[in-house]
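These protein sequence lines are chains A, B and C, in that order. 317 is the number that this note's numbering gives to position 317 of the first sequence; each next residue is one higher, with no gaps. 1098 is the number that this note's numbering gives to position 98 of the second sequence; each next residue is one higher, with no gaps. 2215 is the number that this note's numbering gives to position 215 of the third sequence; each next residue is one higher, with no gaps.
In short, the hints are calculated from the structure, not lab data. Incorrect hints may appear among the rest.
To be verified - In silico DMTMM-like cross-links for lysine to aspartate or glutamate, where the CA-CA straight-line distance does not exceed 25 Å: (1) C:Lys2371 - A:Asp284; (2) A:Lys42 - A:Glu77; (3) B:Lys1296 - C:Asp2417; (4) A:Lys59 - A:Asp76; (5) B:Lys1266 - B:Asp1181; (6) C:Lys2363 - A:Asp274.
To be verified - Restraint-style ranges between C-beta atoms, simulated for each label pair: (7) B:Pro1025 - C:Pro2454: 36 to 46 Å; (8) C:Pro2454 - B:Asp1325: 38 to 48 Å; (9) B:Asp1181 - A:Gln286: 15 to 25 Å; (10) A:Gln286 - B:Leu1055: 24 to 34 Å; (11) A:Gln286 - C:Ile2244: 57 to 67 Å.
In this text, all values refer to a predicted model and were calculated from it rather than measured experimentally. Think of the CB as a built atom: it goes at the ideal place given N, C-alpha and C, for glycine as much as any other residue.
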Amino acid sequence: MKVAIVGAGKLGLRIAEALVDGDYEITIIDKNEDLLDKISQKLDVLTVYGDAKKIDFLKSIQINTYDFLFAASDSDEVNILIASFSKALGCRYVSSRVRDPEHMKQIDFIREKMNIDFIVNPDLLITQEIHKYLAEKYTLSNGVFTSGKIALLEFKADMLPKLIGLYLPDFKKIYPSMLIVGISRKGKMIIPHGDDFIKSGDSLYIIGEKETVFKLNTKVYVNIKYTNVQKVMIIGGGKTGYYLASRLSEFGVNVKLIEKSKERCQYLSTRLDDVMVLYGDGTDLQMLQEENLDEMDAFVTATGYDEENLLLALTAKQHGIEDVISKVSRVSYKDLIEQMGIDMVLNPLDITASAILRNIRGSKKVLSSVLLQGQAELLEIYAYERMNMLNIPLKNLQLPEGIIIAAIHRGNKVIIPDGNTRLLRNDKVIIVSLLTEIGKLEKLFKYRRNIL
Amino acid sequence: MSISKKRIIYLLGALLIVISLSMTPSLIVSLLYDEYHCTKAFLITMIICLLIGILFNRRHTPSISSIKLKDGFMIVTGSWLLASIFGAIPFIISGSITNPVDAFFEACSGFSTTGASILTDIEALPMSMLFWRSFTHWLGGMGIVVFAMALLPKLGISGQLIASAETPGPTLDKITPRFSDTAKNLYRMYILFTISEVILLLIGGLDLFDALVHTFGTVGTGGFSSHSESIAYFNSYYVHWVITIFMIISGTNFNLFYLTLKRGIKKLIKDDEFKFYLRIISLFTMLVTFDLAITKTEVNFLKALTESIFQVSSILTTTGYATADFDIWPTFAKMLLFMLMFVGACSSSTGGGVKIIRILVSFKLIMRGFALKTHENRIINIKVNDQKLQSDTVSNIANFLFFYIFLVFIGTAIISINNYDIMTSFSSVIACLGNIGPGFSMVGPTMNYSIFSNFSKIVLSLLMIAGRLELFTFFILFSKHFRDSNRA
Amino acid sequence: MNLNYNLFKNLISLTFILLSIIMIPSILVAHYYNEVNVTFSMSIIAVIYFFIGLFINIKSNRKSIKSTIRDGYLTTFFVWLALVFASALPYYFSNSGYYLSDCIFESAAGWSTTGAFVIHADILPKGLLFWKATNNWFGGIGMIMLIISLTPYFNISGQKLIVAEAPGPTLEKMSTKFTGTARYLYFFYLILTLLEFIMLKYGGLSLYDAAINTMSGISTAGIHLNSGGISYNLTTFNKTVVTIFTFLAATNFGIYFFLFKGKFEDILGDLEFRVYILLTLASTIVIYVALINSDEAKYYFEDFLHSISMAISFISTSGYSFTDYSIWPSFAKVILIICMFIGGCSISTAGGIKISRIIVFYKLILRGIYKRIHPRSVKPVSFFKKPISVNNVFTIMVYILLYFVIFLIGSLLLSLDNLSMETTLSATIGAMSNTGLSFGELANVADYSIFSHPARILLSILMIGGRLEFYAIALLFSKHFWNTNIIK
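Work out the full structure, taking the sequences as your base and the hints as a guide.
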């Protein structure tokens, strides 16, 4: 499959990185030669220097032979143009990144008339995740997700004290028909393997046959009192902040949005009716306290700077706020984050990349998917005949750390795999993967080459 | 109980202790004049205040050093209300003022330095009561809270936030780096002026009691007198002029005095607000004198000048002393005084009203409006003392004016329920909101506020406090945003 | 002084021509009532005006009628000045011995739709009274508006011209071409006029009476029929008609546009309209309660009729009265005064500050409180969900401040006549808001002859100023206006 990515920025690169191990021919287009040089040395991709919004250029790279184009340049309008042109010139599937809230209001029209198949808005995606996190934490959802005969349950390990301290194999002994596919520890999602054990304070994601899971659910289900998230403070009035504030206030939450630029404040205040827009610096602790920092139910840091986000989140945590959520794009901070105890750290790139990949892979392959805590994805894929991962015992597959085969729908049966299980053709495989590792999934899906 | 409430109670407790102690001079006076029923009244009140104050203080020690703005508002408003309530008790116990509402009114009028009185016969009151009444002016003048600023930092609580709620007017200068220093300096000056005026009045032939009482009324820009005829009782040009001068001084921005000491007289003379202040006094005095002379209301030119500058200063600084019944003056002169009632004294003075700086900025705003009408795209800044004002400040000033106008109208409507003529209702509200004291018609300088119903008296008392606290501090407490400060 | 002379000439010529034409009905009336002097003098004046207009028109250039806002103000001012003087001459030359100042007053009262007089309605020849009513009618929406609606070639510059004359702050475009908007306004105006005329005629008034009352009623001027000034003699039916049509006249004409286009939801959705209804109802109820409480004999129904008619009379700034309200309780009077200040809807014939501005005024106060609680918050002022631009907010702020400043200064100047404070203040607001009827000595009868002749001229200026919403007049006092090149 030929994939073209316009824009070698953070997002463009992230997508490329994710796809590079798979069965794809990737072309990256950008107007910055130096950048392209560096990339071509790091990744196995074709780099082309050019202006993708020029029709001549698109024709020259034979865009009509491409299966997928993703426009991720700096400008929304240019992205729309590029995608639209490409589609008209014969590219099979086009998508573009659009961030501006003004465009979001007319998104359907744009999509339809400009003939763009998929529009991705990273800020909106993050907002959805944050909202889901906050809302679900406090609502009466019973925490069960089902697909076919399989169900996924999320609950706090402390609900079943006997689980604390158990290693994974031990867990399997007690619950043979269930598998722990994810542990959320101190805000970080871990895909557990044999040497992991359950600690107090962990949130567990367990997959298994529907009936068994439901039975477990009745034991651990907490009738959380319907205490709504009522007060949220958001630092950073950028697009993420804007979307989140907008979303939350629609649900009746009292939102305080803090933004550094006066002009931006005025822009925000005219568009967000029910949100208190405050002009100030998030690092101004006195102001935060004046505005009842201690009384907040949740605190979200969504400024443009990772460092600031982390620091602010820490401060909030110190003031004893229940839920602190931070937006961090740099992967290198991963370890630091775990120690900080922030409740949830979201990487917009990961989330966006997973959305794009879902699209690229197409619905034939991926039957359904859902994000877990914004950091991992659960996919159900159809095992095609020539895929690499077929007919090999799982323990020999050498799955990367962050990926786990959670369950298999084979015909009418549900199989909870162990090391010896093999994936067969026509299986519907349920995989749980960290967002950071989704690129590696491509290896599994690769078709075996008929070299022999 | 939440931390905020604990802090508030603690501070209010401290306040009560202060009030209790502040009754000591009056207590002494009562002993000097053998008014034992008053002594008893003061003692009882002092003990009650002390007890409650200590009670509040003991149980709730503040643990966190910072005070939120929200709490600041509650503390300030609470202080004034408490002071007025407890300050009224001596009147009631001693039997000088039997109606508690009346006593509350008088105390409010005292602490807010208004000077409106419900007494129909001032001289009938015991001397110590008259002393207490006037002393509340002195206390209220510099603000009990500002007084506390000097103490509070010792307790590790930042006073600035509280004072920002109370300090009259927009603050354009902060003189010393530490707020408590500023407060102490202002207080020193206050005492200096007090002593000076007392001495000068003594020279003018007043006895010590009258000198003190009227000094309190002047320096605090209050207006209570120990005589029914107010200053007219003292038939001396000297006394009238001394008081006039001190009224003008008390209506000046005290920060300017401090700056004068440190950096010379230039700071004072060049201050935009001060210049405007003096210009208004000159202009209006001239006009009134002219009117009085032409209409032969006063005997001779010097008398006309004396009366007019006295009345003009008195009303402008919102003191409220009178040397003539200006209600019988020709309409032109009355109208001039009426206009002054809307202006008020300088900011950071003991006076009340809208404040000169706001009037100044409003004029500049109007002028700017004109300039913009002819040149739509110009950017024009409003400057005061060569500093450009932020648009937020200008907005705040306009908002204040609007709120003031709004309150005047609503207040008039409410007071008019008592069915007195329009001028009475109208001027009573203005006189109370602006902390002036006397109004026109039935609340003119020779009249009193006893004519109103209890309900109206309470409304007027609250308006007095609201005016003293620059409106917002008081009314904020009623806002739904105050109760739920997380609401958008 | 750089003025767009061409524009001016065009406009003034048409004004004179139009003026001469609208004199015709009055001439006919005078002739019918055998008022020889009036008939004769007005006829000659009409002819002279016609030829003056024609002459200037011929000498002016049809092309290049571009204008700036400044031109708009200046031209409007001069046109209105000319109108007032020109319309005063019929009175002067009618050989009745009227002073010129009085004639100017009557003319000003006419054009500004203030129902005030210095020459009693029953002494005035019927022809001249009809002339005054004619002035009322055309002054309601405006002469310039009329000219623009009639002639096509002012187009976009028309908008700039209107800014000065338009009866209200924002003139939402009802159609793409400005001429269209002006035409719509007159269209609705005519319909309302005809309707009221028919109803009054049906109600039993003579042709003459119906005409006068309609013309002055629909322009919210408020003429009185008989010398007592109080229109007691109308039947209840007629009183109801007058009340209803006054209410309609003070409604935002944009509402009629919605009605016309069938957009019914927009009608109730209009914030100003809702507030208008609310205020009217609230005033009525409050006044009613006050009346009921004060009456010994309870005339429930009559009191209700009087409450509602007086509330509408004052809020629309029409100024008619069906009862002796000078004996009403103070509270009711204060409510009426507040109504006078508030005024009617924008884009109507009413006066006052206008409800849309008062809404912003109120919101600014609320915002002021909000900002004290959350000093860092950024919050726009919104008019029914749509935020108002900062510039517009400032314009409205300045206007309201200006209004009160002029109120005080106007009162000051009037007070030279040495009438009571209440009368003086009432006169000022009565003139400024174009109500006419007021309080003090101006209750029940809008007889301004109690003022001296110079005062009458001042009142004329205030009336016209109020009609033109002050900027046009006040701008003349700004040196920026005369010389657009001055920087400071």
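| query | Under the criterion that the straight-line Cα-Cα distance not exceed 25 Å, is the pair A:Lys42, A:Glu77 satisfied? | reply | Roughly 30 Å between the alpha carbons, so the hint for A:Lys42 and A:Glu77 is violated.
| Do the alpha carbons of B:Lys1266 and B:Asp1181 lie within 25 Å of each other, as the hint requires? | 22 Å, holds
| task | Evaluate the given range 24 to 34 Å for the C-beta pair formed by A:Gln286 and B:Leu1055. | result | 31 Å, holds
| query | Regarding B:Pro1025 and C:Pro2454, is the given constraint of 36 to 46 Å on their beta-carbon distance met? | reply | 56 Å, violated
| said: Assuming the hint says 15 to 25 Å, is it satisfied by the Cβ distance from B:Asp1181 to A:Gln286 or not? | reply: With a Cβ separation near 21 Å, B:Asp1181 and A:Gln286 satisfy 15 to 25 Å, so the hint holds.
| request: Could you tell me whether the CB distance from C:Pro2454 to B:Asp1325 stays inside 38 to 48 Å? | output: 29 Å, violated
| said: Checking one constraint from the list: CA of B:Lys1296 to CA of C:Asp2417, max 25 Å. Satisfied? | reply: Measuring from Cα to Cα gives roughly 16 Å; hence the hint holds.
| request: Using the Cβ atoms, figure out if A:Gln286 sits within 57 to 67 Å of C:Ile2244. | output: 59 Å, holds
| query | Under the criterion that the straight-line Cα-Cα distance not exceed 25 Å, is the pair A:Lys59, A:Asp76 satisfied? | reply | 22 Å, holds
| request: Verify the proposed pairing of C:Lys2363 with A:Asp274, using a straight-line Cα cut of 25 Å. | output: 16 Å, holds
| message | Next pair to validate is C:Lys2371 with A:Asp284; report whether the Cα-Cα distance is within 25 Å. | response | 18 Å, holds
In this structure, the earlier hints numbered 2, 7, 8 are contradicted, and the remaining ones agree with it.
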